[in-house]
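*Asks:* Just so you know, the protein sequences line up as chains A and B, in that order.
Numbering follows the working numbering, in which position 7 of the first sequence is assigned residue number -2; successive positions increment by one, without gaps.
Numbering follows the working numbering, in which position 252 of the second sequence is assigned residue number 242; successive positions increment by one, without gaps.
Be aware that one or more of the hints could be misleading.
PhoX-like cross-link-like pairs, simulated, lysine-lysine; straight-line CA separation at most 25 Å [stated by the list, open to error]: (1) A:K83 x B:K9; (2) B:K118 x B:K71; (3) A:K83 x B:K448; (4) A:K7 x B:K71; (5) B:K377 x B:K448; (6) B:K440 x B:K452; (7) B:K446 x B:K432; (8) B:K448 x B:K396; (9) B:K377 x B:K440; (10) B:K377 x B:K311; (11) B:K377 x A:K83; (12) B:K80 x A:K7; (13) B:K452 x B:K396; (14) B:K432 x B:K448; (15) B:K118 x B:K196.
Hints in this document: simulated from the structure, not taken from any laboratory.
Below are the chains, spelled out letter by letter.
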Amino acid sequence: MSEPLLTTADVAHVAKLARLELTDEELATFTDQLSQVLEHASDIAALDLDGLGPTAHPFGLTNALREDVVTEVSMRDDILAAAPAVEDDRFKVGRILGEAP
Amino acid sequence: MSMEGYETVIGLEVHCELKTASKLFCGCRNAFGDAPNTNVCPVCLGLPGSLPVLNRHAVELAIRIGLALNCAVKPSNFHRKNYFYPDMPKDYQISQYDEPLNEGGSLELPDGTVIGITRAHMEEDTGKSTHLGSSGRIHGAENSLIDYNRSGVPLVEIVSEPDMRSGVQARAYAAELRAILMAVGATDGRLEEGSMRIDANVSVRKPGKPFGTRCEIKNLNSLRSLQRAIEYEAQRQVNLLEAGERIAQETRHWDEAAGRTGTMRSKEEAYDYRYFPEPDLVPLVPEEDWLAEIAASMPALPKQRRQNLLDLCGADDQATKDLVATVVDRDLDPLVIEATLAGAPAALALARAANELDATAGLPSGPSFARTVALEASGTLSATQAKAVLGVLATRPTDDPEAVAKELGFEQLSDDTLLTTIAAVLEANPEEWARYRDGDDKLAQFFIGKVMAATKGKANGKAVVAELVARRG
């Protein structure tokens, strides 16, 4: 295999963004597996795709729209019952570090 | 230290909540101020198996915004912007990335300056968090409470080019943009309720030099805050540069009470949103006849409405322009136009609308306003009396102005009484009358005052002057 498409550091970065805690062995395994996925995807680069636009969606549909009508009724009690912590009818979460990005 | 030798460079990002009945991708109610978490469903909570479906009216409002800002309205796609934050239950925000709906437009300020619009794209809003703790601010809070009613509310984000050069100009841009957004029916424009939110990118440079390092300022809850924050931030950056320090690219929080910006102290980490196409939504392609239909339904924009009023008044001096700006800003131009069409002088109708009418107190009906202005113009009512009549019409909009005037005791003076009164006033003040006759026109005001006092304000100032001029010969 030539130059790897992904380094362990790349995978560690992506894992961190996805809030995944990986062991060193897992990091090695996923680096290998994800490299193979990328390699497979890079096969497309070998094809002659001149004049072909990117595929946004496999169905070729456009403008799937709904009318601006309220159809939902409040299901607050059911929804809040599923939350780990609730206060004042709101979801209670722990300390937030920093403002929203 | 002054700003001398430096230029401020400003670009604004404005988030506008669209005034739809339901959310962007689900049938939950879109309403401000409802009880927490009552307008949430599996779609806007991002529960597994739920599917978003795009709201047609939200798209139409977004297209209206694009057309009003002279953008190219283009085939577009939705992307997922991935990040973790408690106010976003799906852990991604559905937004538009490299193919926004509206691209490359412009906005003309009332003074004629043109500000470039980079793009105006659609996205969904996040939930609202309340930070628990003594400060109410995020720092030091032990817990936060989340209300997802706002999660999934349709937004259009309007990104300007870095074309503004002062806090005053940025404020003028935000005010004009707000007027346009309200005119096209996209939003109610309430900054204090967050239905329009402004972030400012500010940097400084020596004129002609490349752009400096910019800081993004958040928490700008009024147009006044926007201007103040930009002026403070530009000065802060100049002070740093003059002291030989460098500016850190960061997000800063405007503290209105303290009148300063402060760093948000979020972790120094470049955000990596890993945008990818939203697989649950198909491309949005504004077809020609749909676009034409929306274009045909576009209302007159503030700039056009101001011009219409100026044309009506046949004037373009600054004082008239200021009155016109006030009247259009308060949506009072239809009343002025109606009064003018009914025969009242446009300039007088404009002045009375700008200075005497207040929508929060109540507005007179078109015919009542027109009639009051006409009565004043013909001299039947004095200016003071006309204003008092308009005050009453605020709560009784369709009353007959003449009946209201009578009720207020504004009976018209008979010509005889007026002439007798004027004669008596002149006789009692021979010295002033002599000076007036010798050409001291300022004394007209003196006589008007005396006649007004003698008639308890019932005389018409213009009629008094006319009589004085006639007697002077």
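*Asks:* None of the hints should be skipped; say for each whether it holds.
*Replies:* Each hint, compared with the structure:
In summary, the hint linking K83 (chain A) to K9 (chain B) is not supported, as the alpha carbons are separated by about 29 Å, beyond the 25 Å threshold. Annotation: proposed proximity of K118 (chain B) to K71 (chain B) holds, straight-line Cα distance about 18 Å (limit 25 Å). A hinted pair counts as satisfied when its Cα atoms are at most 25 Å apart, and K83 (chain A) with K448 (chain B) does not qualify at roughly 67 Å. Taking the CA atoms of K7 (chain A) and K71 (chain B), the gap is near 16 Å; set against the 25 Å cutoff, the hint holds.
For the hint linking K377 (chain B) to K448 (chain B), the alpha-carbon distance of about 13 Å falls within 25 Å, and the restraint holds. Only pairs whose Cα atoms come within 25 Å are accepted, and K440 (chain B) paired with K452 (chain B) is accepted, the gap being roughly 14 Å. At most 25 Å may separate the alpha-carbon atoms for a hinted pair to count; K446 (chain B) and K432 (chain B) meet this at roughly 22 Å. Using a Cα cut-off of 25 Å, the hinted pair K448 (chain B) and K396 (chain B) holds, with the two alpha carbons roughly 11 Å apart.
About 21 Å separates the Cα atoms of K377 (chain B) and K440 (chain B), which keeps this hinted pair within 25 Å; it holds. For the hint linking K377 (chain B) to K311 (chain B), the alpha-carbon distance of about 22 Å falls within 25 Å, and the restraint holds. Proposed proximity of K377 (chain B) and K83 (chain A) is contradicted: the alpha carbons are some 55 Å apart, above 25 Å. In summary, the hint linking K80 (chain B) to K7 (chain A) is supported, as the alpha carbons are separated by about 18 Å, within the 25 Å threshold.
For the given pair, K452 (chain B) sits about 20 Å from K396 (chain B) by alpha-carbon distance, which is consistent with the 25 Å threshold. A distance of roughly 22 Å separates the Cα atoms of K432 (chain B) and K448 (chain B); the hinted pair therefore holds under the 25 Å criterion. Only pairs whose Cα atoms come within 25 Å are accepted, and K118 (chain B) paired with K196 (chain B) is rejected, the gap being roughly 40 Å.
Consistency with the previously given hints fails for numbers 1, 3, 11, 15, ordered from lowest to highest.
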